[in-house]
Amino acid sequence: VLQGDLGPFNPGLPVEVPVWLAISLKQRQKCRLVPPEWMDVAKLEEIRDQERREETFTPMPSPYYMELTKLLLNYASDNIPKADEIRTLVKDTWDTRVAKLRLSADSFIRQQEAHAKLDNLTLMEINTTGTFLTQALDQMYKLRSNLQPAQGAQSQDF
Amino acid sequence: DSDEGSEELVLTPAQLIRSLEQAWLNEKFAPELLESKPEIIECVVEQLDHMEANLKRAKKGDLKVSVHRMEIERIRYVLSSYLRCRLVKIEKFFPHVLEKEKSRAEGEPSILSPEEFAFAKEYMANTETYLKNVALKHMPPNLQKVSLLKSVPKPNLDSFVFLRVLERQENILVEPETDEQREYTIDLEEGSQHLIRYKTIAPLVASGAVQLI
Numbered sequence: 002v003l004q005g006d007l008g009p010f011n012p013g014l015p016v017e018v019p020v021w022l023a024i025s026l027k028q029r030q031k032c033r034l035v036p037p038e039w040m041d042v043a044k045l046e047e048i049r050d051q052e053r054r055e056e057t058f059t060p061m062p063s064p065y066y067m068e069l070t071k072l073l074l075n076y077a078s079d080n081i082p083k084a085d086e087i088r089t090l091v092k093d094t095w096d097t098r099v100a101k102l103r104l105s106a107d108s109f110i111r112q113q114e115a116h117a118k119l120d121n122l123t124l125m126e127i128n129t130t131g132t133f134l135t136q137a138l139d140q141m142y143k144l145r146s147n148l149q150p151a152q153g154a155q156s157q158d159f
Numbered sequence: 043d044s045d046e047g048s049e050e051l052v053l054t055p056a057q058l059i060r061s062l063e064q065a066w067l068n069e070k071f072a073p074e075l076l077e078s079k080p081e082i083i084e085c086v087v088e089q090l091d092h093m094e095a096n097l098k099r100a101k102k103g104d105l106k107v108s109v110h111r112m113e114i115e116r117i118r119y120v121l122s123s124y125l126r127c128r129l130v131k132i133e134k135f136f137p138h139v140l141e142k143e144k145s146r147a148e149g150e151p152s153i154l155s156p157e158e159f160a161f162a163k164e165y166m167a168n169t170e171t172y173l174k175n176v177a178l179k180h181m182p183p184n185l186q187k188v189s190l191l192k193s194v195p196k197p198n199l200d201s202f203v204f205l206r207v208l209e210r211q212e213n214i215l216v217e218p219e220t221d222e223q224r225e226y227t228i229d230l231e232e233g234s235q236h237l238i239r240y241k242t243i244a245p246l247v248a249s250g251a252v253q254l255i
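As they're listed, the protein sequences go chains H and A. With this note's numbering as the guide, the letters of the first sequence map in order to residues 2 to 159. With this note's numbering as the guide, the letters of the second sequence map in order to residues 43 to 255.
Among the hints, a few may not be true.
Derived pair list, reagent style EDC-like, types lysine to aspartate or glutamate, alpha-carbon separation capped at 20 Å [as the list claims (entries may be wrong)]:
#, chain 1, residue 1, chain 2, residue 2
1, H, Lys118, A, Asp229
2, H, Lys27, A, Glu113
3, H, Lys143, A, Asp221
4, A, Lys144, A, Glu133
5, H, Lys71, H, Glu38
6, H, Lys118, A, Glu133
7, H, Lys118, A, Glu232
8, H, Lys118, A, Glu113
9, H, Lys118, A, Glu219
10, H, Lys118, A, Glu212
Because the hints were derived from the structure by calculation, they are not lab data.
Hey, can you work out the whole structure from these sequences and the hints?
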């Protein structure tokens with residue numbers, strides 16, 4: 002395909018494909034999906050605990066952990082051992098991260114920061130709160146710039 | 043950086059699609075209309091047409107055919123989304139977009155493709171006619187002019203954007219938000235992600251040093 006080479010597809014042998022193709026083939030019942038290494042109860046428990054312990058954001062095993070979890074659990078839960086536990090663990094980690102993000106967004110706005118570094122955030126998290134945050138910041142900016150006194154406009158006498 | 047004469051960029055198809063995705067995301071998240079990328083669009087359309095032609099000739103029902111078809115659909119989606127995003131901005135900021143294009147210096151890249159330019163001009167003419175017929179011609183004679191350039195809001199270049207650094211940058215100036223703060227500089231490490239005002243980093247988006255996310 003345009004974006005790279007695929008295959009070779011040999012029966013019984015695992016092959017790496019883009020997620021969109023994997024889901025499509027699974028839906029057509031042409032394959033079994035192999036979950037990524039980090040999609041394992043012990044590993045995810047470790048991550049969840051670290052996330053709860055630390056104030057900073059834990060580096061996640063995949064920049065697409067949320068999307069992969071949702072897709073794989075939706076379409077291929079039969080290929081994932083302990084799927085329910087995995088679902089809960091990822092959700093708990095997500096909730097903790099989003100709560101931290103909300104707090105830090107709040108403090109960003111309050112302290113009128115001009116810049117923030119967000120290395121360990123995944124795109125899903127950024128885009129979940131991002132639009133709200135940027136629009137709120139824009140509003141704040143508009144309100145602040147309007148604090149400048151208006152240029153001599155004469156008021157009307159009634 | 044750019045030299046005289048033709049700049050022939052030879053990209054692999056994978057790199058081409060990657061460029062399209064980058065242009066798409068930048069356009070989506072940037073508050074203003076960005077440079078038009080006719081080379082990318084032309085090449086992508088060419089590749090898609092080429093693929094479609096191949097598929098027409100291929101055996102039906104082959105797995106390969108459906109995989110290629112899916113990929114084509116995905117790329118078409120990105121391309122459409124990118125072009126539509128640009129049209130939305132053109133309609134939103136039309137007087138400013140046209141003004142910028144008219145006052146562009148010789149060597150500077152264009153922000154409108156020829157088709158987009160024609161569209162913008164027509165949109166402006168239609169809007170002017172509409173306003174005149176619906177309201178302006180019924181106003182007292184001294185109020186019949188409206189300056190679209192003054193009344194249509196400009197893009198807010200001070201909006202905050204999220205970005206990922208592709209090429210390391212040093213000493214980017216961060217302007218203070220309040221009078222009590224002072225300006226400071228930051229270095230942008232490759233692979234790091236930031237939240238910052240668009241205005242400061244606009245040239246970095248244009249040069250491809252950062253990617254909006």
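Hint-by-hint comparison with the structure:
Taking the CA atoms of lysine 118 of chain H and aspartate 229 of chain A, the gap is about 11 Å. The hint holds against a cut of 20 Å. Among the hinted pairs, lysine 27 of chain H with glutamate 113 of chain A is consistent with the structure: their alpha-carbon atoms are about 17 Å apart, no more than 20 Å. At roughly 16 Å between alpha-carbon atoms, lysine 143 of chain H and aspartate 221 of chain A fall within 20 Å of each other, so this suggested pair holds. Distance check on the hinted pair: lysine 144 of chain A and glutamate 133 of chain A sit about 17 Å apart at the alpha-carbon level, within 20 Å; holds.
Under the criterion of a C-alpha separation no larger than 20 Å, the hint pairing lysine 71 of chain H with glutamate 38 of chain H is consistent with the structure, at around 16 Å. Taken as a hint, the lysine 118 of chain H and glutamate 133 of chain A pair is broken in the structure, with Cα atoms around 34 Å apart against an allowance of 20 Å. Taking the CA atoms of lysine 118 of chain H and glutamate 232 of chain A, the gap is near 12 Å; set against the 20 Å cutoff, the hint holds. For the given pair, lysine 118 of chain H sits about 34 Å from glutamate 113 of chain A by alpha-carbon distance, which is inconsistent with the 20 Å threshold.
Straight-line distance between C-alpha atoms of lysine 118 of chain H and glutamate 219 of chain A comes to about 17 Å, which keeps the hinted pair within the 20 Å bound. Among the hinted pairs, lysine 118 of chain H with glutamate 212 of chain A is consistent with the structure: their alpha-carbon atoms are about 15 Å apart, no more than 20 Å.
The earlier numbered hints that this structure contradicts are 6 and 8.
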